[in-house]
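With chain V's structure known, arrange chain C on it following the hints.
For reference, the chains in residue letters:
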Amino acid sequence: MRRSIPVLATALGLSLVLAGCSGGGDEPASGDESTQPAESAGTLTVWVDDTRSGPVKEVAQTFEADTGVTVKFVQKDFGDIRDDFISQVPTGQGPDIIVGAHDWLGKLVQNGVVAPIELGDKAGDFLDVAIDAMSYEGTLYGLPYSVENIGLVRNNALVSEPTPDTFDALVEQAKAVGTEHSVLIQQDETTGDPYHLYPLQTSFGAPVFATDDSGAYDGSQLAMDTEQGRAFAAYVGKLGAEGVLKTTVSGDIAKEAFLAGQAPYMITGPWNVGDFVDAGMDVSIEPIPSAGGQESQPFVGVQGFFISAKSENALLANEFVVNYLGTQDVQLALYEAGGRAPALSAAVDTIADDPVVAGFAEVGKNGVPMPSIPAMDSVWSDWGATQVAIVNQQGDPGELWTQMCASIASKIAAA
Amino acid sequence: MSRTTTPPAASPRSRTTRGPSHGPAGPDGPRGPRTWIGAQTFSAGFVVKLVLVGLVDALGVYGVLASAAQQQWGVLAFLVAALLVVNLVYFSRRAVPGKYLVPGLVFLLVYQVFVVAYTGWTAFTNYGDGHNSTREDAVEAILVQDEARVPDSPTYALSVVTRGDELAFAVVDPEGDPLVGAAEQPLEPAEGADVEGGRVVALDGYDVLDFAQVVARQSDVFAMRVPLSDDPNDGSLRTTDGSAGYVYASTMVYDEAAGTITDTTTGTVYTADETEGSFVADDGTALGTGWRVFVGLDNFTRVLGDASLRGPFVGVLLWTFGFAIGSVVLTFGLGLFLAITLNDWRVRGRTVYRSLLILPYAFPAFLSALVWRGMLNRDFGFVNQTLLGGAEIPWLTDPVLAKVAVLTVNLWLGFPYMFLICTGALQSIPQEVYEAGRLDGAKPWRMFRSLTMPLLLVSTAPLLISSFAFNFNNFNVVYLTTEGGPQDLSAPVDVGASDILITFVYKIAFGGVNRQYGLACAISILIFLIVATISAISFRKTRALEELG
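Line order of the protein sequences matches chains V and C.
With the working numbering applied, the first sequence corresponds to residues 1 to 415, in that order.
With the working numbering applied, the second sequence corresponds to residues 416 to 964, in that order.
Source of the hints: derived by calculation from the structure; they are not laboratory data.
The hints are all genuine.
Label-pair ranges, simulated between beta-carbon atoms: (1) C:I773 / V:E180: 36 to 44 Å; (2) V:S284 / C:T677: 55 to 63 Å; (3) V:A406 / C:A951: 41 to 49 Å; (4) V:E336 / C:T686: 46 to 54 Å; (5) C:V476 / V:Q61: 34 to 42 Å; (6) V:T350 / C:V531: 53 to 61 Å; (7) C:G726 / V:W271: 33 to 41 Å; (8) V:A414 / C:V762: 58 to 66 Å; (9) V:A279 / C:F709: 55 to 63 Å; (10) C:G699 / V:A234: 35 to 43 Å.
Listed next, the stretches of chain C that the computed footprint assigns to chain V, with coverage defined by at least 3 CB atoms under 8 Å from CB atoms of chain V: (11) 551 to 558; (12) 789 to 795.
Interface residues of chain V toward chain C, partial, derived using beta-carbon atoms under 7 Å: (13) T139; (14) I253; (15) A309; (16) L315; (17) L316; (18) N318; (19) A385.
This one's a predicted model, so the numbers in the text were calculated from it and none came from an experiment.
All C-beta atoms, glycine included, are put in the ideal place defined by N, C-alpha and C.
Next up, chain V with everything else stripped away, as it sits in the complex (with noise of 0.2 Å):
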């Protein structure tokens, strides 16, 4: 018996190995449909993340009830469907079907591994923030299903009267509530937060970037890097030296804050404000207010469906996505699974007596969708450091701002 051990170990290394090797080789059907019996249509694969798979699996059934098709699921972290996506489509061993976030967008198609989508005169039934979020240079790549903005959050047992209309009152009346914190806006040590400030730079007329005719963001125009953009700088910095503002206040510590009622306001999205309402906090949904005088507009996060540039099954997946997906009950069902405003008009106007999502639904109508082009990933590192260096008084706003749009613009020319 002697011989037999290292040839049980190499059976069940190789066999290990095998596996390893041949991973997803074991669906040549899929791809192969000249092959195919006509009553047996082939098999689409999706990936999805845990708060979706539920409502995606229901329509999955109707549709293999409806077309002999097989929808295999694979469940993914959210975090990483983009790079997988990404590095898996060329090999072609990708998936046919993604859910994504829209601002991965702009990485999609310079990678040339989603497929454009069309809705036809469906596109009209879905709220043009949707839509716009969903097109990169004019084409459509996804089906939206949810939208998904920050607002300002007021705890009603602390304040009684009106919400005032710039940031400066708001700041004043949440002083005098006389709690720990005043208005909590959630930062992080090393990296800041600029998209829970984005609404207070944007109310100084100062976006990330410029747009061309089309509302298409400019990659190359800086729009920020402007007398606006450092005046909201120094707005940054007297909010931390007033203590308004701090990078230590990260979003766990806010959020235990807001809970324990040591602040009246505080500046999040609907994920928070579930736990709110189960706590039995008594909350309403306000507009950002205004601080340099003209409109505060938070970034729009739209979700959707994207098709893979390499599907062999491009027809089946463009029939479940747009036909089955973009349908009104199935938005609904991943209103109700995830929490998120539906991108269906319709299916927001049947849920429009749920305060929380009309509330945050109200103020995303002011919001812009937030950039997907590639040259937004090169912003977010220089732009978060550069916030908490301000906030904690490490120099002058208006210079470290000039010096980081100069930084940013240098890293998107050589990108």
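Quick look at chain C alone, frame taken from chain V:
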């Protein structure tokens, strides 16, 4: 010492395994033919072997078929070679060492050699965002991306039909008239069409396909473009779901022979540049999607030659040495101190202390690092609030303090390991040498310097070297505690004060800014060369210590 005793111990063992005269094969053995694949006796062991190798073969053949279906010729060649080797080795009577080595070698090839070779190859390419796949894929992506639906064009209710084997589209135009057309034949009025519910359900001379039949030919249907008229600028009709047709026009035209893509709206000609891996116009603008090409030593020369990368690289390299050496010295110092203290029989409750000291080691490192990050928060962290009485020390945002912070966290995570190995090494030092020392009149400090340390280093030096190599690449501690921050706002790349090489590489390869796998692989190779050189030199030096033993 053990080296000299090995051969005599090993030889009898190998003699018994090699000899054909043992075990079930015994009686036949000496007379068996001396061939590679010799006659076998059907003993129990042989049957087991046959079944297992058969299983491996079956899996292998399956793998070969699967990789052939996926056209993965490299994997296929490897599988065929591996199967041949396995069968030869296990059915041969001579390849005894091979029977022990093959499993390990196969794993070594797949998990080490392949990965190293792939990293090495990637370091010589421009693989990264925008250079993701082959030129064919890039062309296809560019053409598809620029094919846009003609603005305000109507939706056509579409049926897929066939005449013989040829596919065609039968549509109903906005006026309600049925039309039919194929790839080579522009749309024309359809004679004898039966329209029901706004779409064509039957057509003379054609078969109307149902959904399953459409799906069976979906690649052809999806790729099909039916010209609206003889003028190509009118665009063509296509369908993405088999039931709705839209008019599309493309602005990009690919000329395969010339290797150029022309934008028909502006007239700009983009030429394929095989050194850049992009389509580039005369004025230098390139199309967004490119492909992977071999770029030679470009990535290496960029690290060392490009001023914007060289500055940060040298700074990060120096701090990486500081971090790795500092971590080893600090953890070893504290671990040794505690080991000596707790090795003294006069200390009471030593077992309790020892168990407590293992705690940081028993916790997952990434959790500890995250907890430390919270504890070091300037305003709300435990360290400032409770330990330092509300001092607002910017542990994570000051360039120097951030370095202190990562070293402190690493000290917390690393000293229990050093404590363990020092305790073990101390207990293995024979008491007689101390007796002799005392007789010679040595004081405790002298004994520590001349006896304990040298004897301790014999067994711990190799571990210190591997600890250095480990900390040189200690991604978790740095990334989870400070994310490499605080960021250097004046640097042209994303780099922070506490970044070590491996977190710097991570930011290049997977960070927010344009991911550059090729460049990241090149830096990984440089890191490997540095660590390998230092380790080789250090191990050579430690031989001198062994002679003491």
